[in-house]
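Visitor: Here are the chains, one letter per residue:
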Amino acid sequence: MSLGTSDTLVYLIAIPLFSSAFLLLGGRALDRVGHLIGTAASASSFVVALIELNKMLGRDAESRGVTQHLFTWINVGSFQIDATLLLDQLSICFVLLITGVGTLIHIYSISYMAHDIDRRRFFAFLNLFIAAMLLLVLGNSYLNLYVGWEGVGLASYLLIGFWNQKPTYATAAKKAFVANRVGDVGLSLAVMIAFVQFGAVTFDGVAKGIEAGSASSTALNAMGAAILLAAVGKSAQFPLQAWLGDAMAGPTPVSALIHAATMVTAGVYLISRSNFVFDNAPTAQLLVVIVGAVTLLFGAVIGMAKDDIKKALAASTMSQIGYMILATGLGPAGYAFAMMHLLTHGFFKAGMFLGAGSVMHGMNDEVDMRKYGALRKVMPITFATFGLGYLAIIGIPPFAGFYSKDKIIETAFNAGGSKGIILGCVTLLGAAITAFYMTRVMLMTFFGTKRWDSAAHPHESPWLMTVPMILLSIGSITTGFIFSNGDRLKNFLAPVVDKHHHEHETELLAPIVVTGLAMFAVAIGISIALAKYSRKTIPASAPTDVTVWTKIARRDLLQDDFNETVFMRPGQSLTRVLAFLDKRVVDGAVSGVGAMTLRLAGDLRKTQTGYVRSYALLILLGTVAILAAILVVTV
Amino acid sequence: MNAPNIEYGILGPILIVLAAALIGVLIEAFVSRRYRYILQTGTAFAAVALAFLQLVLIRQTSSKAAVSSMSIDGVTIVLQGSVLIFGFLGLLLIAERGFQSFTAQAAAIPGSNEEQKALVSGLQQTEVFPLTLFAISGAMLFPAANDLLTLFVSLEVLSLPLYLMAGLSQRRRLLSQEAALKYFLLGAFSSAFFLFGSAFIYGQAGSTTFDGIRKSIVESGGSDQFLLVGLALLTVGLLFKVSAAPFHAWTPDVYQGSPTPVTAFMAAVTKVAAFGAAIRIYYFAVGGLVWSWRPILIAISIVTMAIGTVIAIAQKDIKRVLAYSAIAHSGFLLTGIIALSKDGLNATLIYLFTYGFTTIGTFAIVTLVRDSGGEVSDLNRWAGLGKRSPLVAGTFTLFLLGLAGIPLTSGFVGKFAIFTAAYKSGNISVVVAGVLASAIAAFFYIRIIVMMYFSDPVEDGTSVVIPSAMTVATIAICAVATLVMGIYPQPVISAINSLAFFAG
Amino acid sequence: MNSLTILGLLPLIGSAALFLLPKGSDLLAKQVALGVSIVVAIAGLGMAFSFNRSATGFQFVEKHQWIPAFGINYALGVDGISLLLILLALVLTPVVIAACWHEAEGGRWSVKNFFGLILILETMIVGVFAATDIFLFYVFFEAMLIPVYFLIGGYGTGEKAAAAVKFLLYSLFGGLLMLASIIGLYVISGNQLQAPTFDVTALSQLSIDPVTQRMLFLGFFIAFAIKAPLWPFHTWLPDAARAATPGTSVLLLGVLDKVGTYGMIRFCLSLFPEASKEFGPTIIVLSLISIFYGAFLAIAQGTSSGDGNIKALISYTSISHFGFITLGIFAFTEQSHSGATLYMINHGFSTAALFLIAGWMISRRKSERISDFGGLQRVTPIMAWLFFIAGMSSLALPGLSSFVSEFLVLVGTFARYPIPAIIGTIGIIFAALYILIPVQRALHGPITPGNENLTDLTLREKVSIAPVIAVIIFFGFYPQPLLDVINPAASATLSALQITGIMGGK
Amino acid sequence: MNPMNYIYLSCILFSLGAAGVLLRRNAIVVFMCIELMLNAANLAFVTFSRMNGTLDGQIVAFFTMVVAACEVVVGLAIIVTIYRSRRSASVDDARLLRL
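Protein chains in written order, with my numbering: chain F, 72 to 706; chain D, 882 to 1385; chain U, 2 to 507; chain C, 77 to 175.
No lab work stands behind these hints, which were simulated from the structure alone.
These numbers come from a predicted model, not from an experiment.
Don't take every hint at face value.
[Claimed, not checked] Below, in silico cross-link-like pairs of lysine-lysine (DSS-like), each with a Cα-Cα straight-line distance of 25 Å or less:
{"id": "1", "chain 1": "D", "residue 1": "K1096", "chain 2": "D", "residue 2": "K1197"}
{"id": "2", "chain 1": "F", "residue 1": "K490", "chain 2": "F", "residue 2": "K279"}
{"id": "3", "chain 1": "D", "residue 1": "K1268", "chain 2": "D", "residue 2": "K1096"}
{"id": "4", "chain 1": "F", "residue 1": "K603", "chain 2": "F", "residue 2": "K448"}
{"id": "5", "chain 1": "F", "residue 1": "K677", "chain 2": "D", "residue 2": "K1096"}
{"id": "6", "chain 1": "D", "residue 1": "K1268", "chain 2": "U", "residue 2": "K24"}
Working from the sequences, and respecting the hints, build out all of it.
Guide: This is the structure:
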């Protein structure tokens, strides 16, 4: 794959970055136009992206990637890092998703955040996020990616904690940052391994190095595992998933953009981008699959138990990303489908989050679904767009989710051997649970009886909010078909993620059978949900006479309890012990020497008795000692 | 039979001081009280200045004198020069009349009418000046002695006046007299050891001259028991004078009890003289026995450093702190003797020269901090001095830093030179001990600085008196010397390096 | 006179002028101090532009005999490492003076003395980094302590006298050990060369037997480890930082402590290559302990319910950072070395920012306890956000300057010692904690009672911190100018070590 | 008679003197003990002079006597003064200066 050059890539990042800086430094003077500037910046970036897409499509399939060298960033000995951007088929997908969905969410936020005194700052952070996320997908090396990687982490931290005057929100932000940092350790290690093994940290350099066989399989597996750790942190995969639910503390547009559509999928991007590593690191690849499969079910189970609409959606996000990660772990066959699911998910999940935001907007920021009910009549547009997203996520044909999820299930079955069967069943089970909990969300929110607070006067949201929702729901209807028709996306991405044109494994089940099974699973999920939630009235507070399993699920499968017991408590104890030791032992040794000298001084001082005869005795003793010594020396 | 030839020229400096001392005695006896002070000080300063002048004139001398009983060589010149300079500075302090340090009548009973009368009439006996001059002449003779007999006599000429001077304090007479008594008894006790040791050395060497001893060691190989016993006892006498442990016990008591100007004088001058004599003995006379005395001196040096620095920490009286500091410095100085090399010789002389200024300056400042009852030497009452008299506190800080051997003060140059010499001679253990001791020593110097600057002043009448020009001049000279020799020591070092040779 | 001497003398002259000012002319004193330091900073930057970046060895060399009897010269010269450290000091001094305009007013002594001491300190710093004669270095190394001692003891808060004494004694102790080693080197040079010398280049040519080398190395190393400070020689630092004024802390942690790590590079490594290699692994372990130890103790300050002290917290983070620096130094790769050197600069700026802003917070709130803050982002947004940026730099967020250096250290270390590098990398998680915990407690959350009426930064404060923040951001994105200066010096150090094998990459 | 016997005698005298210094409290007696030590040294000098066949030792003995006389002058002066102020010549009473 030969790479051209372009000198316009930098604008993608620069526009939102400068806008962000401008908004932050501009101060209160910009309060009245800040949101417009921010939205315009995001939109301009989107336009640039469209132009780039147009240019790219105009080029030959094998030379669609372009780079732009900006400057030498770090150069020490053989460690040479250039600030270079790379736009290829894989990154353009992300760029469009980020800027496209991003712009819609900017527009939505204008209205959603209209009454917040810090709206300007909110837009500045959103722009910062866009810039960082674009850097993440445009960097041509692991280290450039890393900058964006932490950049989105920062933006995510700032936005989760946007209302940090509330201590729990501030804690949630911190938790997200720290969990991400754990992942960052993985990415750091990956860079180090790459540098030591290949002397390069660019994607291109590493790929060539692997091709040249300059790394042992141990090294590659280690690098793969490190990358997986990074992905796990960023994409809220098991076992670093705990932060995502809390991250819903951020304003809902943030949840839609960062914690559903884009940032949390960065792990999928990273793994897909590192396909050359995983294709040669079977152990690491297996780990990827396992992580994906576990998270898929983990998220789904949590989703079943949540009454908080945003947390239910967050759990669903976790689960859906589990699908994507699982797909990337399936090798060349899976990358394209992972990407496809990522893109379709970007649309429908962002749409649903915006829908949830719209509901909250109308319900005085109430998030408990038990206080909702029968909202379809008062919020028709929200209901419609959310409903379309719902159909997409549970995988009803011909909505977008059907195409992407179906392909993943299919690929999972085709993974071969017992692995294929297990993975296939897991994905099917996941599909069924997804159908169950999403139906539950639909029923509790939009159907049934009113369970509103007396103060609530639900109403449809203004057009600035509904239009983005409508546009996203159109995406959730159409994108699946567009991408999968004629394997369009797969072929488009092939030069990047499937360079070697691997032959497909033999099919375990015919595609139509898989589809049938998936539909069956979905149908089961829906019907259980209908049976459980459509007939009975839903209590306004969560029932307490539930099985222990439900309780566990409500507690996020004890993820926080686990972290608390295993990491935080011992960590806090260790901290206290160290603080104590520092004072008593390390510093104590220092002051101990001092105190000892003082005591010695006090004791020795007593030899000075004041009796002249004792001084004389001292002299005599000294004389005897010297005499003895000198005679001993002689003998 | 010819009368022995006496080289009056090169003995001039000593003779001048000695003559002046005798004149001082006559003045004290015959001149009316009213004129005594002016005559005494005039004589003393003139004599010291003249002696120094003469010393400068004969600085190139390197020969034996007075029938080989003395050696006027470069080392002597440097040491005598140091003694004269420190003697002069000490005299300046002793002559201070802005406040009374000395008793009007030493013979009077403390608190008696006699004493009261003498005090009121303002007529002060001035026997301290001839005494000082005698001590100076003894101190000049001590390092020049090239003969056990001369050495002993000069030791006594140096010591006897000091015993008396220690008892001359005006305030706290009892303490002062006790200091004199202790100093005297212990001094005499140790000089008995010294003399007894000399006898044994003479018994083996068959000669009292250093040249003879040196020759006999070369011939006999030095393994004779008499010689070694003699050397051991002689060492005791010398170590007593330099206040090395375990012969140091007199130092704090005497330093504390003596009038502070005398303490200043004795701290600087005695140290120079005693180490001067020690150098000549260990380097010249018994250099051939180095294998026997070096281990002992190493042990004593280390113990001295340790005792001096550690006990100083627990002291509450500024003069006692400085006394222990002086003990510690003796430990450092011994490393120069241990080195037994030209470097060691140079370093010891440099150290003595720099140390003298700093220590006189330190005590000079102690004389200034007073209340109605005289000097205030209780450290706690020095609190907040930095606030009350920043200049005095600043100068004192400089001296303390000099004693601590902080770079850019002369103390560091001396310490560096002497440790380098010791290291070079392979005696790394004393260097390490010295370094550790310096660290401990830093503690109590810094404690005083903290006291002065970081504690709030206590309102108890402690104040700094405005001294006369003499004390001011002393402090100024010492401060400048401490600083200049810290920043640009080269002239002094090269002068000492080029002079410091023994006459063969 | 050569440019380095002039550079060093200027602040000294300035301080002399300050001391001569009449009593009560505080404002004039401040203005003079600021003016002098700005002139010096500009002069230094001007000098830096004429520095030849492609050459190795010392530049702006000057040499005069000082004490020829001991072979001591007044010899100055800078290479890339020392040049940058001098610039760090020159830039931070005016920042500190401007930022701490009112800091000296509650001190024991006059305001002019405070600024006079700071200017003296600046002279000492220039000297200590520029000295190429070990004796001269030692003189500055020790003399430097005195102004700091008075700055802490005279203008600090709380247990200031005790902290000042602890600092001084601890440093003196290390210095004396180093003195013993210096004497040893000097004696050996006398045996091996025609004349004994203190010239660092000449001394690096000596061949010293392994046992002696080990002893001498330890003398130097312990002195520098105390200064740096490396675990377990660190306990003076939190006390000193707690007691010192923020401005003093900036100079102490930001600049002075770099003498320790600088000394390790300049002296330990180049004079005792064999011993350095021998002790390398041990020191790496100590570095790792420092990284985590500092982090945990910082977290302990942050999470402590009542008396968590913000200045102590920052000082503990520095212990962690110094762990990274020593890790880089003793990993012996080009990347780790350049990274460690760059880290010294970056840490200087990010810690300066943290301390200055913390100082402003403290002076407004009249409390150093983290729990007394809270909700500052609402009350004093500019101050809060600047603190946040400084914190982000401290936790090495990419795009801010510390990241580049920390990553270089880690990647360089990984090339030689993978496991320590992995352990060190885990340290970045705790970095996140020790920054975010105080951020949350001080800046976020509801406004703690007592904070409602705090005022935001004044124009003077904004202007004084601006260069620091600008440097943090600029060199995060474009560190190459600094690296270009550092690289030749770093590889020269390494080639002197004659390290063969991995230089990173295959 | 073997001249070494005189040396032994002088050693004994010296030891007696030293013991006296340590054991006696009266300052005058202490001082006399010191004189005894000096005289022991004198005896040694004279004996060695005889053994070596040189006169130096005898000369030293004379000088020592003179010096001892000087010491007496100074010593008695000090002791008398202190006795006058304290009404006690016990060396153990003089211990204001200590620690």
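Visitor: Each hint: holds or not?
Guide: Verification of the hints:
no. : hint                 : in the structure
1   : D:K1096 with D:K1197 : violated (50 Å)
2   : F:K490 with F:K279   : violated (30 Å)
3   : D:K1268 with D:K1096 : violated (61 Å)
4   : F:K603 with F:K448   : holds (22 Å)
5   : F:K677 with D:K1096  : violated (45 Å)
6   : D:K1268 with U:K24   : holds (14 Å)
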